[in-house]
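The whole structure should be built from the sequences, with the hints applied where relevant.
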Amino acid sequence: MKTRILLAAFMAAALALPGPALGADQDVDVQVLPANALGISVQEGLGFAIVIGESATQSFGMGITNTTGGGWIVTVDGPDLQSYSWGQCDETGCYDRTLTGNTIPKSNVVVTGGDASWGEDDAAADSTITPYSVALGDSPVTIMEGTADAWGMFGFGPPHEPTVQVTIPAGSAYDQYYTTLTYTIMAP
Amino acid sequence: MTQRPVGRPIIRRSHRHALMLAVAVIIAAIAPVRANDWTGYAARPAPGEGERDSGRFELSVGAGSSVSDAIEIFNLTDDPATFDVYAADVVATTDGGRAPASREVAVSGAATWIIVSQAVVDLGARSSTLVEFAVEVPADAANGTHTAAVLVEPRGSDTQSTITSRTRVGLWVEIEVLEGSDAAPVVPPGPAISWDVPWIPLIAVALIAFAAVILYLSRRRWHASLEQWREERALIRDFRSRRRHQAATDTHGRRG
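Chains as they are written, first to last, in this note's numbering: chain A, 61 to 248; chain B, 65 to 320.
Do not take every clue at face value.
Residues of chain A placed beyond 12 Å of chain B at every Cβ, according to the derived structure [to be verified]:
id: 1; residue: A84
id: 2; residue: A97
id: 3; residue: I112
id: 4; residue: E114
id: 5; residue: T128
id: 6; residue: L159
id: 7; residue: S199
id: 8; residue: H220
id: 9; residue: E221
id: 10; residue: P229
id: 11; residue: A230
id: 12; residue: A233
id: 13; residue: Y234
Only part of the chain A face toward chain B is listed, based on derived beta-carbon distances under 7 Å [said to hold, decoys possible]:
id: 14; residue: G147
id: 15; residue: Q148
id: 16; residue: V201
Honestly, the hints are just simulated from the structure, not real lab data.
Just so you know, even glycine gets a beta-carbon here, dropped at the ideal spot from N, CA and C.
As structure tokens, then:
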């Protein structure tokens, strides 16, 4: 008898608790952030398949955390695209990238910053994000500048999302190429 | 009333399963929803004196002296993460601004003055740590402001994509080199105790010596007490023996 009462009590408690899938429920998701801090996240990998002489563009997700009292800038830097082949592949993936000697200058990689947070209507009134569309050069390039209140997630739909455009110049070897871009956030 | 057979569980198996299911439902319902990882990590100047809210360190130090500070790194994800911490010089961006040099560029300017205490930092889920660094200014450094950056770079997994992306947070380190006597003492905000300092072993030795003395004294006292107790016991035994002897003598005397 006691067991049944116990079971009934558990079931009643389970039913009384709000289920996350019910339409009337509202999830409140809060990320607690440290004060006076900077952070950045970028989608780690972008794959391209491009015909020689043509360009392709891909958007990517970017997140900015800025809880400092000032603004921020994001710069991008990276080496030339280099051709490679895989030394070892199995069912889990490929390993041991071996460079094969061909390069495509990094000036053929153009990075564009995002320019809005979540939605323009939701952005803080005095937040300003200035995106730049810049080809990689010998020095780091600035792709975004933001004021103190301008931060959040980017890349949830055009025309506000950050993009990478890669052009394969005429005369390039038929090969597979890769490069690593480093995005740095800091105070201006 | 029927007797429960010996060895049969009080709660039947089906009931136990139902109980476990109910508990699981309750736990699932009350478990917090996985929070948005946002940027996954963040970094800031460690809380301390002076301006700490602008993503930079402003340090004053005399030529030939050094100053310490610390950077605080946050892992905001539900998974452990590894970070590289290093210094870099400042380079000009293509638009005339400034940025930390890429990691592959050898340091040659003010970044050579920066010594990071921990180049690789492993952080558990939802945790943070302080990483101290020292700025050791050479004696022949020119007066004025020299700038470098301390960078925090999470180790990512290698992708197989055309474009692999890495991120890093840069905190400017603006070092104002003063005339030796003008340099203001700066209190590092990091942990107050360093295990490198020589007085820690001294304290340990002193504690051990103190404990040894206490032990020696207490043993001596114990021995003394034991001797005294033995003497008292002997006296009592002697006294009782004499009294018994006296009583026997008296009894014998009265009969006689």
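Hint-by-hint comparison with the structure:
1. Interface exclusion of A84 of chain A from chain B stands, the closest Cβ pair being 15 Å apart, more than 12 Å.
2. The claim that A97 of chain A is not at the interface with chain B is violated, since a C-beta of that chain comes within 12 Å of its own (minimum 4 Å).
3. Distance to chain B confirms I112 of chain A as a non-interface residue, since its nearest Cβ pair spans about 15 Å, more than 12 Å.
4. The claim that E114 of chain A lies off the interface holds: its Cβ sits roughly 14 Å from the closest Cβ of chain B, which is beyond the 12 Å cut-off.
5. Listed as outside the interface, T128 of chain A is inconsistent with that label: its C-beta sits roughly 5 Å from the nearest C-beta of chain B, within the 12 Å cut-off.
6. The claim that L159 of chain A lies off the interface holds: its Cβ sits roughly 14 Å from the closest Cβ of chain B, which is beyond the 12 Å cut-off.
7. Listed as a non-interface residue, S199 of chain A fails to keep its Cβ farther than 12 Å from every Cβ of chain B; the least gap is roughly 5 Å.
8. Interface exclusion of H220 of chain A from chain B stands, the closest Cβ pair being 18 Å apart, more than 12 Å.
9. Distance check on E221 of chain A: its Cβ is at least 14 Å (rounded) from any Cβ of chain B, clearing the 12 Å threshold; non-interface status holds.
10. Distance check for P229 of chain A against chain B: the nearest CB is about 15 Å away, which clears 12 Å, and the non-interface claim stands.
11. Every CB of chain B lies more than 12 Å from the CB of A230 of chain A, the least distance being 19 Å, so the non-interface label holds.
12. Here A233 of chain A stays apart from chain B, with its beta-carbon at least about 15 Å from theirs, past the 12 Å limit.
13. Even its closest Cβ contact with chain B, about 14 Å, leaves Y234 of chain A beyond 12 Å, as expected for a residue assigned away from the interface.
14. Because the smallest distance between the Cβ of G147 of chain A and any Cβ of chain B comes to about 13 Å, over 7 Å, the interface hint for this residue is violated.
15. Taking 7 Å as the C-beta cut-off, the interface hint given for Q148 of chain A is violated, the closest approach to chain B being about 12 Å.
16. The criterion of a C-beta within 7 Å of any C-beta in chain B is met by V201 of chain A, whose closest approach is roughly 5 Å, and the hint holds.
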